[in-house]
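Number of protein chains: 2
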Amino acid sequence: MSILKAIWRIDEALDVVKGQIVAVERHMSVSLVESVGKIVAEDFYASCPVPHFRRSTMDGYAVVARYTHGASETMPAMLSLCDLSPASWARVLTGDPIPSAYDAVVMLEYVEELNDGTLLVSRPVAGGENIMEEGEDISAGSLMWRRGVYISPRQVGVLAAQGVTAVKVRDFRVAIISTGNEVVPASTWPEVGQMRDINSHLLTSLCREAGFMVQNCGVVPDDPDALTFALQGSLKSYDAVVLSGGSSAGAADYTERVLNQVGSPGVLVHGLAVKPGKPTVLGVVDGKAVVGLPGHPLSCAIMAEMVALPLLRHAAGAILPQPRFQVAELSRSLVSAPGRRDFVPIRLEGRQAIPLLAKSAAIQVLAQSDGLLVVPEDCEGYNAGREVVVQMWRSV
Amino acid sequence: MSILKAIWRIDEALDVVKGQIVAVERHMSVSLVESVGKIVAEDFYASCPVPHFRRSTMDGYAVVARYTHGASETMPAMLSLCDLSPASWARVLTGDPIPSAYDAVVMLEYVEELNDGTLLVSRPVAGGENIMEEGEDISAGSLMWRRGVYISPRQVGVLAAQGVTAVKVRDFRVAIISTGNEVVPASTWPEVGQMRDINSHLLTSLCREAGFMVQNCGVVPDDPDALTFALQGSLKSYDAVVLSGGSSAGAADYTERVLNQVGSPGVLVHGLAVKPGKPTVLGVVDGKAVVGLPGHPLSCAIMAEMVALPLLRHAAGAILPQPRFQVAELSRSLVSAPGRRDFVPIRLEGRQAIPLLAKSAAIQVLAQSDGLLVVPEDCEGYNAGREVVVQMWRSV
Chain P
0 MSILKAIWRI DEALDVVKGQ IVAVERHMSV SLVESVGKIV AEDFYASCPV
50 PHFRRSTMDG YAVVARYTHG ASETMPAMLS LCDLSPASWA RVLTGDPIPS
100 AYDAVVMLEY VEELNDGTLL VSRPVAGGEN IMEEGEDISA GSLMWRRGVY
150 ISPRQVGVLA AQGVTAVKVR DFRVAIISTG NEVVPASTWP EVGQMRDINS
200 HLLTSLCREA GFMVQNCGVV PDDPDALTFA LQGSLKSYDA VVLSGGSSAG
250 AADYTERVLN QVGSPGVLVH GLAVKPGKPT VLGVVDGKAV VGLPGHPLSC
300 AIMAEMVALP LLRHAAGAIL PQPRFQVAEL SRSLVSAPGR RDFVPIRLEG
350 RQAIPLLAKS AAIQVLAQSD GLLVVPEDCE GYNAGREVVV QMWRSV
Chain F
0 MSILKAIWRI DEALDVVKGQ IVAVERHMSV SLVESVGKIV AEDFYASCPV
50 PHFRRSTMDG YAVVARYTHG ASETMPAMLS LCDLSPASWA RVLTGDPIPS
100 AYDAVVMLEY VEELNDGTLL VSRPVAGGEN IMEEGEDISA GSLMWRRGVY
150 ISPRQVGVLA AQGVTAVKVR DFRVAIISTG NEVVPASTWP EVGQMRDINS
200 HLLTSLCREA GFMVQNCGVV PDDPDALTFA LQGSLKSYDA VVLSGGSSAG
250 AADYTERVLN QVGSPGVLVH GLAVKPGKPT VLGVVDGKAV VGLPGHPLSC
300 AIMAEMVALP LLRHAAGAIL PQPRFQVAEL SRSLVSAPGR RDFVPIRLEG
350 RQAIPLLAKS AAIQVLAQSD GLLVVPEDCE GYNAGREVVV QMWRSV
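Protein chains in written order, with numbering that gives the first Met the number 0: chain P, 0 to 395; chain F, 0 to 395.
None of these hints come from the bench; they were simulated from the model.
One thing to keep in mind: the hints can contain errors.
Partner residues are not named here, just some residues of chain P that face chain F (Cβ under 8 Å, in silico) [as the list claims (entries may be wrong)]:
| hint | residue |
| --- | --- |
| 1 | 49 |
| 2 | 156 |
| 3 | 160 |
| 4 | 185 |
| 5 | 200 |
| 6 | 300 |
Since the structure is predicted, the reported quantities are computational estimates derived from the model, not experimental observations.
Where a beta carbon is used, it is the ideal one built from N, C-alpha and C, also for glycine.
The following block holds chain P by itself, in its conformation from the complex (with noise of 0.2 Å):
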């Protein structure tokens, strides 16, 4: 067993391992519902104007607008009916098309019609008001969002709009492997000295909620051979694995044999100077990023948002959109070694940020914090009271 041989900055290791990532253009048409969380593989071009007409936003009249300047309940506007051009009006409903005789819809509160066909406006309307003209809202042609956005429910109604029921999305593939002779699956009993398999259920939830598709491969024994059949198999059928486990120095060492053997440039990045996390290892494998988290829960969940998945986004051509942030005051004071990002879980009571310490083989903690504060590397820590910044986990 030997103790971890170079500590890099996270930062830098992501930079490194991202430019041995090879990007996945792979994609898959899914329906507009199935479409939601997933990250959309094209840039999307209107195809049509919204509305494709001109059309009234109201029920009312359509008029002319200047005919109604100056109108008021004393002394309203009087449009005829028989007159051809100018004065004359229509009945229109809400989304009805607006001839172009026409500029203005006047709202049927503001209207009396008379038995003689002349209607009586007691309001003036703006040349354009309650018309919206045809492509007002989206022109065709422009540019709605680009690719590596995550869909939301709103961009689902631009979608139907446009006459999509079908989106090209993103279909980047992921392993997940949990490896430890103790480790047995979260359905059987473990007697003492085993332990369940969290980490591949809580890496699977994670990988799916990030839009990606994913396998769990369940648990692989810590067996040289067993552990390098299952990876050689998965980076043949997918684009990433994220492994955890070994989160012992010893351990960590021997995925990174591994790991090495089963392709180029292997192990690239072992060990991070961060806490927890540390004995983190990252490498790529024909352009295919290999991720091995530590075996303990709270770590591996925390490595997982921190490393993981923006080295799979990386790899998916993703764009996330900032990360939530909440400034809350810090309850209690927390010290941290300079040279080394620590990152904290915090649940939030009002303003309050408390800080869930806990070993790193923990996870209720997970459950119960709202986020984490990430304690740079250039920080010795923070006195209670001080107002922190914490970065929200991202679900519902």
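Following the hints, complete the assembly by docking chain F onto the known chain P.
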């Protein structure tokens, strides 16, 4: 055609409707990975301690802590293997059980093992260091979370740790109906005077994102018999119905008439003191919420978020995490009528909150916005440059 009769404040309207809704208790069992984003149906208590035995969190040596006190590199503590009790030690790997004779683990790095079985420890450990006691993370019987919360990937980790691989989630079923003679399916090419069905896709996506089971029932024409038939059928099979269309006063009246015919109490609210979204209709039939949203897509999306989803979540017993807010500086002044709550789509650019002013029939601004600015009833607007709080959309 008549204009809207009573105008409700949105909070009062929600309270009145919630008071008539009967909560749905039905649940279904789904796999761990499928449970993410769903509403959990039961309080979740831990059934077993985590860890379920006293274990090492490090590779190293199990020792009695007090025999390492005062140890240093120049003066290491010497622990002999031969002694049967206090001074003995045992090699352990991460996750190994720790016999009760030991109360700490010294990390590999601070130990030298001599050939005669003597251990040189160059750094003291405190009692309990690098050991997780049985139940230290999770004690058996403790409450993990209340029913009604949305499951996150981190909670999936806790469920796996507890050996749970199938989760009881709320089976709340929503029917979505678009109405309007001018509305045609999104897949068709609309004639002049027609409009593609945007709302049913938008609403289906929003309701799925909210953890409901959703059926998109498509478009129903403006015909009392057709709407009655659709509504009766939906109320038989679903727990709530969300209609859209009839954004005009006339058409909304028409939804109201049909709603009052299909059951009681029928319509409770018709007309909200909001912009956009005034012609919203809220009703309850036999304890089930029926929400009639405006047909204009922007109004529909905003009222879905602010009215339909809160009512449906209430009916499904969902506990929503606090909305996410972002503080930003308003890029231009906004005027609002007192007594009315305004919702303004906002795009964030750096520190700036940019109001996306558009007619309520618009759809593009939805996709461009990051959230909504809520201008309350007692506020006449905000000046440019003022700090405002933007309520962010949930997705991604």
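Taking the hints in turn, this is what the structure says about them:
1. 49: holds, 6 Å
2. 156: holds, 4 Å
3. 160: For residue 160 of chain P, the interface hint holds, since the closest Cβ of chain F sits about 5 Å away, which is under 8 Å.
4. 185: holds, 4 Å
5. 200: At 4 Å from the nearest chain F Cβ, residue 200 of chain P passes the 8 Å test, so the hint holds.
6. 300: Where the cut-off is 8 Å and the nearest Cβ of chain F is about 6 Å from residue 300 of chain P, the hint holds.
Checked against the numbered hints above, the structure violates none of them.
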